[in-house]
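Engineer: Listed below, chain by chain, are the residues.
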Amino acid sequence: MTRRQLATYIFFGVVVILFAISVALKGFFVTFGAFLTLAIFSFLYDDNPYYKFAEHLFVGVSAAYWMCMGFWGTMVPNLFGRLYPPMVGPVIPALKDNPSDPFMLIPLILGIMLLMRLSSKAGWISRWALAFVVGTTAGLNLVRYLRSDFIQQISSTAMPLYVTNSAGFSLGETISNIVIFIGVMCGLIYFFFSKEHKGAFGAGARAGVIVLMITFGASFGYTVMARISLLVGRMQYLLDSWLGMIG
Amino acid sequence: MTNGAMKKQSLVERLQYIDRRIIFAFIAVAVIVPLLIGAQLKEKTTPIVQAMFDNVEGLPEGSRVLLSYDYGPTTAPEIQPMVDAMVRHCAERKCKMYMMAVWATGHNLTGETIEGVLRPDFPDLEYGVDFINLGYKAGNQGLIRLILVDFKTMYSTDANNIAIDDFPMMENITSLRNFDLIVSFGGGFPGIKEWIQFAGDPGNIPIGGGCTAVGAPNLYPYYPSQLVGLLGGAKGAAEYENALIIAYPKYEDYPMAGMSLMVSQTVAHIVIIFFIVFGNVLYFILRARGMTKEGLGGVR
Amino acid sequence: MGYSVISGLRKSVPTCIIALTLLLGPSAFAQESPDTATVDSVFVSEAVESAASPRAAQLNVVQDSRGDAGGAISVKWFRSPDDGMGADNITGYEIFRSESPDGLFESVGFASRGRTSFEDATTVDGQTYYYYLATVSATGVSRSGVSAGARSSAQWLNTRDIDTLIIGFIICFSVIFFIYHAQKGKKLFLRKIAGLEAVDEAIGRATEMGRPILFIPGIQDLDNVQTVAGLTILGRIARTIADYDTKINMPVSRSIVMATARETIKQAYVAAGRPDAYSDDMVYYLTDEQFGYVAAVDGIMVREKPATCFYLGAFFAESLIMAETGNSIGAIQIAGTAMPSQLPFFIAACDYTLIGEELFAASAYLSDEPRQLGALKGQDVGKIIAMSVILVLCILFSVAAITESESILSLANTFKGWFSLS
Amino acid sequence: MRRTFPILITVVVGWVLIVADFIPHKPFGNLGDDFALYFDIIAVFAFILGGGNLFRIHLTKVQKKKKDWPFSIVTLGGFIVMLAAGLFKIGNPGGIQGDVAAVGSLFNDMYMQIFTPLQASMFALLAFFVGSASYRAFRAKTTEATILLIAAFIVLLGRTPFGLWLTSGLTGDMSFLQLPNLTDWIMDVPNLAGQRAIMIGIALGVISMSLRLILGVERTYLGGDSD
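These protein sequence lines are chains H, Z, Y and A, in that order. Numbering of the first sequence is given in my numbering, commencing with residue -13 and proceeding in unit increments. Numbering of the second sequence is given in my numbering, commencing with residue 921 and proceeding in unit increments. Numbering of the third sequence is given in my numbering, commencing with residue 8 and proceeding in unit increments. Numbering of the fourth sequence is given in my numbering, commencing with residue 2 and proceeding in unit increments.
In case anyone wonders, no lab produced these hints; they're calculated from the structure. Possibly wrong hints are sitting among the right ones.
Partner residues are not named here, just some residues of chain Y that face chain A (Cβ under 8 Å, in silico) [claimed, not checked]: (1) 105; (2) 293; (3) 385.
Please read these numbers as outputs of a predicted model, since none were measured by experiment. Just so you know, even glycine gets a beta-carbon here, dropped at the ideal spot from N, CA and C.
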């Protein structure tokens, strides 16, 4: 046994003992939660068996979690509950007298087509379901983005570049509006694909890059604090719920 | 980082490629120490938060407010304080509160508000009369589209599977248009943006939002025409709490979650600022000596 | 076979447009319907108003809600003189409805003070309804006269969205025009996108080092266009990978994405003439859970040490966790997303980042197909339209502000109204 | 047939949905919602595909005693227990009629005690990575990088009371230079302009991408343009 292996085993022993003490004092669930938290944080030092354990557990549990939520939240009420309501009567009594909707056969058939992937011979049928999904995505998003992100953003940018308020000419707002105007214009110039960024156009694109850099820098800086709040939440759990060291 | 063992490096050069684990340790300490001490930090209310506050403050008694819990336990440390503050405010205004979730994970968190704020501090409010928990329904933005025109098809029962028609406050609720204000809490998808796109814009319903500080900048463009106000991150929560204290002085000495969160955040924030300054100072020293390597971690 | 589809499509597009016009045309002209009641037909309220009651608001128009699926009548009124003013500030307006002018009226909704319209979305199409409005304050209630009858009905054209339709038509038309124009063979100029220039080099590096390529198509399902964009890029990359026989490792968080990605890569191997080299194990599902997924991806990164990481699709908070881990193992990282909040993190931690629109353009760039590139030209036309409209609107508003001219201001507002959501 | 028909499906579905968006009348009015619901249901079918795939991979690892196979047992165990708890609503106070995530059920317990701490801890790693990323990336190397650095630095400082304290001397006409005010200005003005440009660009990208899909020009998602 090498020294490294020995150290690993001793460390494991210590973890087990501390775990046992904590379970005795604080109960299993809080201890296990704290153990998992620390196991995830240990990844910051390096990959290790504790992280591997937490990671593998997480994958298994969460995959099953979403499957169950999908089954009880969507499949039962929205597919079976609409296709043939009496069938879900024993589970969701409120739905059992609803009228039946034969159109729900469409997703049922498409869903079964998708499962054809499991067969090597009929796997190609799954493409029909995928094609349906892609068509839906394209159709729904085209109009949605046109409306909320294209048209609406244009009208939001429509504003006077010379602002007066009750006190007369407002220099601050005028400057702000001009900056927004130039910023949006140059930002759009940057995204032009079919024109070379040269000359005046190139200068516009360059200004666009600057605007984008300010945007990214500002968003990053703005975010830092938020990210820390999540860590604070976890530390509160460790220090307060587990160790009882706060207040 | 680098395997600098090959050739001898100056101290400055080695610090340039400082092991990131050292930064990690500093951040951990910066977060833990203020927590152990325990302190609160007041925040001046900014206009976008004040707008949200004023909107709620302007709601007449009995107004219907829909609160959508579109977040999960991961962002709860950041978002729960603002939910609590707004629910408290709505309760003070005697608004009727309808809690729902477009996120499956929001389901459990509605209980936290009810048990943590409404039951202890507003014992007079009655379930089904003053507030109701409608629970989670699948369907993401599709759900929002559906309930914009037809509320009761999707919500035939509350979260505890009791028929919706048993509750007096559900009378006359046929579509989202019956609500005086919809507030979505959450930074991800589906979230405030989807509420704007699928309910606020088509239904002409006032939408308010509370989101993570990360999501906030993306939502600024919607304010004020499509969004009545926005709370961003713990700071937004602390600002709302501040507005609440000014309007309702009885909360002056009340422990406010957002304000205590701000302390640890601020300290860790300053640590990161320190490291950025430190890194740039090293960089300029090295550049003066002509020893920089270009391109590392460069921008595009 | 595919070519026949395309040529068929080319023929059918104009037909579709014509059919659409024919379909929409008549309804566009048939806008006026008799389901309208205006103030003229409202008889004056005889309700008793005590001294404490607020002054009543009067009805303006009661009519079928325009351009909807039926089942709604919109009620508009003029604000009460006490709305928002003085000590007797009202709380709001309660809307009452009945099926006959002298029948039993019931409340259908409440609008806060300041509002001047309400949509009663609980009507039955074809049934005639009568409305009156009660102005409510803390001290009393006063009611308006009863409106004339109004009926709701469904329309064939969403007239409220006619501006969206027109603008959408122009944009779509310009994209479609350039798609087919480009087919005629005129070579288009396209500016360079650094991230795409680096794709081949990044794949080459992984091949040389004998290490895998990690491809992450975002964490959203196929109902997000960004995921589709990521997969179309995968389609291009997979061809190179199949040619070089580079190892690809693609953990995904949605099983529909898994099915699609397998199909995509498999076809690339078939096209490269080596279908046997393909294996379903290249693409595998982990979990739908955002952080469960990222925990596993991080593990895969530190254990398998991919030489190149692609992150192309819709990302949320996990972006930085993956990109920083990828950075620490020294991988070349190419990212692309249309999630503005995650772009800063990719820019900070990756070697190359495709910003927003560039993600959608990438597969066209990599395809080098004239039709695909033509679509990019069409996008540029969209930008020119956006910029021109913004320019004209800003000039109009500025002129209105400088000259303080009401008429220019109303002109500007009308024009802006075309670009506002109803 | 194997390639052409799917493309036809995409084309027809896409166009119908676009047209339907402007027709409120039945049966078009709700088509978008219906199709979105169909997608959700197909996605649940896909869970069977995904879950089955996960199960098979880890089972193979255990059977063949591949590297790290004991950890695959952890995945399988977590998966099976959670799946059983959820599908059969084990320990649910409302029985089989109760809400799947009802408080008191095994499913909810596992969610709250295992899932939640793992999820929150993973998310909290970001606090550390944001630190290391800013240390490395925010260096004044090029003009662009310097602008990025300055914008980030002002906003970082402006969001702390430290920033207010540092610049509280600037009053009156100069008060707009106080760091919190400057931060707000950067967020509300240049940041907003950049975000808008990105948003408009993305909208055009989505429109063009969708059109390429529903014209059948972009077909890589079905395995490339060769037949």
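Engineer: Could you tell me which of the hints above the structure violates, numbers in ascending order?
Structural biologist: 1
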